[in-house]
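A.B. asks: This is what each chain is made of:
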Amino acid sequence: MSAVKKSVVVERLRKAQIVEFLSKEKRLDGRGLLDFRPIKIETGIIEKANGSARVRIGNTQVIAGVKIEIGEPFPDTPEMGLLVVNVEVLPLSSAYAEPGPPDEEAIELARVVDRGIRESKMVDLSKLVLIPGKKVHAIFVDVDILDTDGNLFDAASYATVASIATSTMPKFSVGQNGQIKQEDEAVPLQINCIPVSITLAKIDGEFIVDPTSEEEGVMDARITLTFDDDGNIRAGQKGQPGTLDFNQVKLAVNIAKDRAKEIREIIKESIKDAKG
Amino acid sequence: MTISRKYVTPGELIVEGDYKPINNVIRVDDKFYATKIGLAEIGRGGIRVIPLSGPYIPRVDDLVIGKIVDYSAFSWEVDINSCFFAYLPAQSVFGRDFSPDRESLLKKFSIGDLIYAKVVAYDRTRDPLLSISGPNLGRIPKGEIVKINSAKIPRLIGKKGSMIKTIESATHCKLIIGQNGIILIIGPHDGILLATQAIRMVESEAHLASLTKKVQNLLSESKEV
Amino acid sequence: MIELIDEKGLRRDGRRVDEIRPLKIEVGVLKNADGSSYIEFGKNKIVVAVYGPKEVHPKHLALPDRSILRCRYHMAPFSTDTRKHPQPSRREIEISKVISEALEPALILEDYPRTVINVYLEVLQADGGSRCAGITASTVALADAGIPMRDMVVACAVGKISGQVVLDLNDTEDKEGEADMPVAIMPNLNQTTLLQLDGILTPEEFEKGFEMAVNACRHIYEVQRKALIDKYFGKNEVGEE
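Residue numbers (my numbering), protein chains in the order written: chain A, 272 to 547; chain B, -9 to 215; chain C, 15 to 255.
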């Protein structure tokens, strides 16, 4: 089997149409170049998780679940809790996804999502220490990709953010002998900001946001930028073999910055519901 | 005797008695059970279930729309929306004296090209074989494609082609139907959008008796706008 | 030992001994899959996707006379009380095999020689009886994909808690109880396709429990059917032409 079939082969006719439409500032599904598809975020869907969220962007569907446990800190950061974001591109999600260990694209996806959350300091890890150097809170965010129609980077990121933001944390007490006891009480997990990831695809020299699978199949380059509440850029990743000229890099930042503000409001709305 | 029809789910008892099973039914003693979701027909000829879902199974002489996904020195591999990839041998395109030294397959079709082709061979033991010799067959140069479940193609065509004619005349578009569930629409932009809507309606409401009327309403309403 | 049945004969979640947990089935929940379904059964939340029949890779694994059925039961890391490692465990691999063998007798695999049908189950939240819920949901997804079948497959467990035979154990009852017996049947052809048992049952309890499971399966089958009918024939008009 050749590598070709592992990804979407977009009909050449479709590619020509996509490019033709872009030249008229339109897209095949009727969107403008900088429009997202409808975003739907539901939180609190998995009762056994400390926090959870299902995000749908068009036909893309992902679920994130948070588990907060007791772990041991990394030796180089003895006074920091742990935050691990993991993304699984499940074989359910498309005819091209295979069961088994994640391929390099899935690993890039997981790492880019993780970086955006980590670097924006959404969670203050220094407040998650129980016994310095020995016991800390470990926050695991696992994202299941259920249905793929492009823009997994943003969908996985929004699900991660919404699930963390709606998490409650079991309260632990440390006894004199160093024994850790879980209390019945649970407290909301404190967050410092709402990081928002925006992914742009470049097709035939034009930027679009929120690409579908088909658009990703014909894109030349991709750039993902994550912003904090103050509009600072906290993480970035350019992907795919195509290039961006210097002005395009600046343009991408400007486009993404504005979109991020709007998406942040959508995420805030969804987590507000969860907190009552 | 009239034909009686009913909607069935897999495993459902359709009827008891002395009948001939035609397709998508199994017989256990005198009982006939459906094997797929669909419309069961009990008629003089026997019992069958017209399915509403399921993969496209190629039949010889079917006209299909396929996508070139790969090629080797001697043939193209074509995605025809079925269990198997189909093969289009270079000889059937370049002629019998085809030689991979002289001719490059990519000159004719490249990956991502759409073709309108005929299934010339297929059975349980071999992958479908395509040919593009025939009127209108070959590379599709333009148009919009829409994919639906192949089980619903007969409904889209309608009795003696009535449904397809209704859509074509209301949208000023030409529809080319692949038996494999892929439809090509050629025409003005607004017409393409309307035709796509009509096809989607056929797909989602194929089971309704009033389908023809609903599609007609959709088409005429849009005209007034 | 925790008392699992109170003096009124009710279980800790308020059910009678012969009552199943709340059940909900949806069809066609994923866009990319050839067939899909979603089930909530008690606290179980499982999504199932079917892909195929399609070509087998590598090709030498293909069978000349029939399709291969492959099932993958996988639990999301957040589906359990303590986080589960994403890598499939031995338990998940065994359950995958058991589910596959429970479904296979119902499928007419001879219709698609040289192909594979993949059934992927993702457990988003696990409760007792997730394999039964998974089997019930998988059949619906296979029907949605149009895979021909002799009959649907439907599953439910019985068990024994506090000395009584009860239907459909939840997580606590499964852990604390004396026996758990998952059963899958083909409801129209009256065949058993799955039977597992761990714990202790007298032959009389076994017989009683088996009867209870079969009756529950017949009820669950109606829910499966309704989910398919709602999706394919709509809730209102079921007409003829």
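It is worth saying that the hints were derived from the structure and are not from the lab.
Some hints here could point you the wrong way.
[Said to hold, decoys possible] Pairs of lysine-lysine, DSS-like flavour, derived with a Cα cap of 27 Å: (1) Lys57(C) x Lys203(B); (2) Lys189(C) x Lys319(A); (3) Lys(-4)(B) x Lys240(C); (4) Lys164(B) x Lys297(A); (5) Lys203(B) x Lys286(A); (6) Lys149(B) x Lys245(C); (7) Lys108(B) x Lys286(A); (8) Lys137(B) x Lys295(A); (9) Lys137(B) x Lys297(A); (10) Lys240(C) x Lys21(B); (11) Lys442(A) x Lys57(C); (12) Lys297(A) x Lys521(A).
Predicted model only: the values in this text are computed from it and were never measured.
A.B. asks: Holds or violated: are the alpha carbons of Lys297(A) and Lys521(A) at most 27 Å from each other?
C.D. replies: holds, 22 Å
A.B. asks: Regarding the pair Lys137(B) and Lys297(A), is the alpha-carbon distance no greater than 27 Å?
C.D. replies: Distance ~22 Å between Lys137(B) and Lys297(A) Cα, so the pair holds.
A.B. asks: Decide if the proposed pair is consistent with the structure: Lys108(B) and Lys286(A), CA atoms, cutoff 27 Å inclusive.
C.D. replies: With a Cα-Cα distance of about 25 Å, the restraint between Lys108(B) and Lys286(A) holds, given a limit of 27 Å.
A.B. asks: Checking one constraint from the list: CA of Lys57(C) to CA of Lys203(B), max 27 Å. Satisfied?
C.D. replies: Violated, because 44 Å separates the two Cα atoms, which is more than 27 Å.
A.B. asks: Taking only the CA atoms, is the gap from Lys442(A) to Lys57(C) under or equal to 27 Å?
C.D. replies: Answer holds: Lys442(A) to Lys57(C) is near 24 Å, not above 27 Å.
A.B. asks: Is it true that the CA of Lys164(B) sits at most 27 Å from the CA of Lys297(A)?
C.D. replies: It holds: about 24 Å lies between the C-alpha atoms, which stays within 27 Å.
A.B. asks: Is the Cα-Cα distance between Lys240(C) and Lys21(B) 27 Å or less?
C.D. replies: Satisfied, since the Cα-Cα distance of roughly 22 Å is no more than 27 Å.
A.B. asks: Lys(-4)(B) and Lys240(C): Cα distance at most 27 Å?
C.D. replies: holds, 15 Å
A.B. asks: Between Lys189(C) and Lys319(A), does the CA-CA distance stay at or below 27 Å?
C.D. replies: Within the cut-off at roughly 17 Å; holds.
A.B. asks: Is the hinted pair Lys149(B) and Lys245(C) satisfied, with a Cα-Cα distance of at most 27 Å?
C.D. replies: holds, 25 Å
A.B. asks: Verify the proposed pairing of Lys203(B) with Lys286(A), using a straight-line Cα cut of 27 Å.
C.D. replies: violated, 35 Å
A.B. asks: Lys137(B) and Lys295(A): Cα distance at most 27 Å?
C.D. replies: Status holds; Cα separation ~25 Å.
In this structure, the hints that do not hold are numbers 1, 5, in rising order.
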